[in-house]
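S.K.: Make a model of the complete structure from these sequences and hints.
The residues making up each chain are set out below.
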Amino acid sequence: MTSSLTAPDNATPASETVHADYPEDSASRHKASTIVLQGLEKRFGADTIALDGVDLTIDSGEFFTLLGPSGCGKTTLLRILAGLETPDGGRLLLGDKDITEIPPHRRSVNTVFQSYALFPHLSVRENLAFGLRMQGISEAERNRRVDDIADFIQLGPLIDRRVDQLSGGQRQRIALARALVCEPEVLLLDEPLSALDAGLRSQLQVELLRVQKRLGMTFVFVTHDQQEAMVMSDRIAVLDGGIIQQVGPPRDVYERPVNAFVARFMGHDNLYPVTNRDGSALMTDLGTLHLTTPPDGDLLLIRPETLDLLPGEQAGDNRLFGTVTECLYRGSHAEYRLEVGSTTMQATVRNCGGNLPAVGDRVTVVVSTDDLVTLNA
Amino acid sequence: MAYSGVLPSARSRAMVSESRHLLMTVAPGAVWIFIFLVLPSFYLMSVAFMTNGTYGLPEMPLSLESFKRLAGFGFLGWSAGNLFTLLRSLWQTVVSTGLVIIIAYPIAYYITTCREKWRPIMLLLVVVPSWTNQVIRTFGWMNLLAPGTPLAEFAQMLGLVPANMGLYPSNFAVTLGLVYNFLPFMVLPLYAAFEKLDHAQVQAAQDLYASPVRAFWHAVFPQTLPGLLAGIVLVAIPAFGMYVIPELLGGGKGMMLGNLVANQFSGGSNWPLGAAGAILMLIATFIGLYAMRRIGKRLGGGEEVVI
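For the protein sequence lines, the chains are H and C, in the order given. Every letter in the first sequence is one number past the one before it in our numbering, and letter 285, counting from 1, is 285. Every letter in the second sequence is one number past the one before it in our numbering, and letter 257, counting from 1, is 257.
Note that these hints are calculated values from the structure, not bench results. If you're wondering where the values come from, they're calculated on a predicted model, not measured in any experiment. Any given hint might turn out to be false.
For each label pair, taking beta carbons as the anchor points, the in silico distance ranges come out as [claimed, not checked]:
| id | chain 1 | residue 1 | chain 2 | residue 2 | range |
| --- | --- | --- | --- | --- | --- |
| 1 | H | 136 | C | 221 | 17 to 25 Å |
| 2 | C | 195 | H | 329 | 45 to 53 Å |
| 3 | H | 102 | C | 157 | 52 to 60 Å |
| 4 | H | 44 | C | 103 | 25 to 33 Å |
| 5 | H | 194 | C | 199 | 13 to 21 Å |
| 6 | H | 143 | C | 19 | 44 to 52 Å |
| 7 | C | 213 | H | 91 | 24 to 32 Å |
| 8 | C | 115 | H | 243 | 25 to 33 Å |
| 9 | C | 151 | H | 138 | 31 to 39 Å |
These stretches of chain H come out as covered by chain C in the derived footprint (C-beta under 8 Å, 3 or more residues) [unchecked claim]:
| id | segment |
| --- | --- |
| 10 | 95-108 |
| 11 | 114-121 |
C-beta atoms are modelled at their ideal positions from N, C-alpha and C, and glycine is treated no differently.
M.R.: Okay, structure coming up:
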């Protein structure tokens, strides 16, 4: 019984599940393509507008994320890319080909479905070979490519199992391998990690990102989780009501949201209507703040992590005074809710070992004017 | 490790009491089946090997006379009549089962694509006709296919039947009656199979370069196989032995094995011959079931195929 205390030899650390040596020739064979969406429109029934004129260019080799709440049109957009849905208006270009009218089985685009949609009547190997078989690729070639991808994703002994014998994480990886083995120009992923628990989810996020960087394939990823979107993406498009609200790298979208919807969806709560302005000075319910650049928006965004808290009231430029009403201690940092002026605000303070204010304390909020953003409601 | 010596005997004692329990529950049914199914079956089989008496009742001595007659050897030498009846039964079974499959697939699939609250109603619509007595429904078809009805006149217009004739009695009418009668028995198991299917799998197949036809054949069809095989058993076996429909819609040239057997117990009065026919029917059914089982295993219906 003592031998069971020794870790089995084949245990691999979570961070090394993706093999580095996917055959070079296969990797270079992938031709990633640019996707251009022009004025895409889609309606369901008379009054449900799923997409309302979407223009977008997704660069080749990019990890591009469609982010938004449920019903924002992100899944519809992905299904149009896959060919499973036909747009009511607009055009869709893959490389320099117009593929708007091309049915799904003639598009060099593959999808990882949210439910994985593995075929339960086929073994894992047969599932992986399905796309190649439908393309009429010879059995020898099929086996070689399935073995390569199985090595690459490290499926190992799973390859001859039945699908119903697999766990959620294993299914997810097989769904990914089944799409990758076809070497599509674009890989579409429809919330592929949403059914997994948190630990497995972050492990597979890393794994997925490595696969994409390694293959240089264009990935279009759909999620409603802004954290996930920021971790994975080269660029994010935030959708709401069938309209693209903002497109940009994660930092842009998070730090400089263009409107209140994007700001709230990215998790910002410190939004204050501008009641009055005088040159670079802004009046809000918090008090008066000075901005380095002349403000143009009518809503002020203060990110909680850009704030600093000092004990007591210490006067100075761009300082606000408030009272701590709530404190969530998170170890590496602490989250505060403060009463400032006639309203409340949130502040996140890094735990550097110094004194952390307690509930009821009077504090000075130091606002860094470089990080203040105004936006349009 | 200490308890390992005790466990097996305790477990076996538990198993004995459990199996005794099970036996008590099963016994009344088993007795019933033995008295009213197994014993009569043996009686029927023995009848088949007896001689036909004066009034059609079985008499000693034992003989293979009825099997000879069933094979077509009568007083006037060999005739192909019975053989034709057997072949017609097989043919009608195969054709009507095939048609039922072709009609039931789209219906079952369509119902699964409907909104969830409509599905029970749609299924009800499929099943409701079978709540009416089969004889009455078959009489209904007689009225629909009789001479002078729109259907019959339309067929005359196309030159399919001679003037002043109806669409029945005919083999066509029998096929029609069988298809109509057995459709629900195919739709229900297929619906159950379709309902288990994740619709995303169809899309996944198309996404993986399968045309709609190939997506059905490679992704959908294999998964509906257990339902299809169950449906075939529910349709083909009763269709093979069907009595009412060929009796009313078939006429003299539409007779099936069921009618042949029935006639020996009533009008024709030759019990041993009827019993021999019944045995033939039983053997054919077992052969069919065995074939289905083999096909099911071959096509990979897996453990779900329990025939």
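S.K.: Which numbered hints are broken by the structure, listed smallest first?
M.R.: 3, 9
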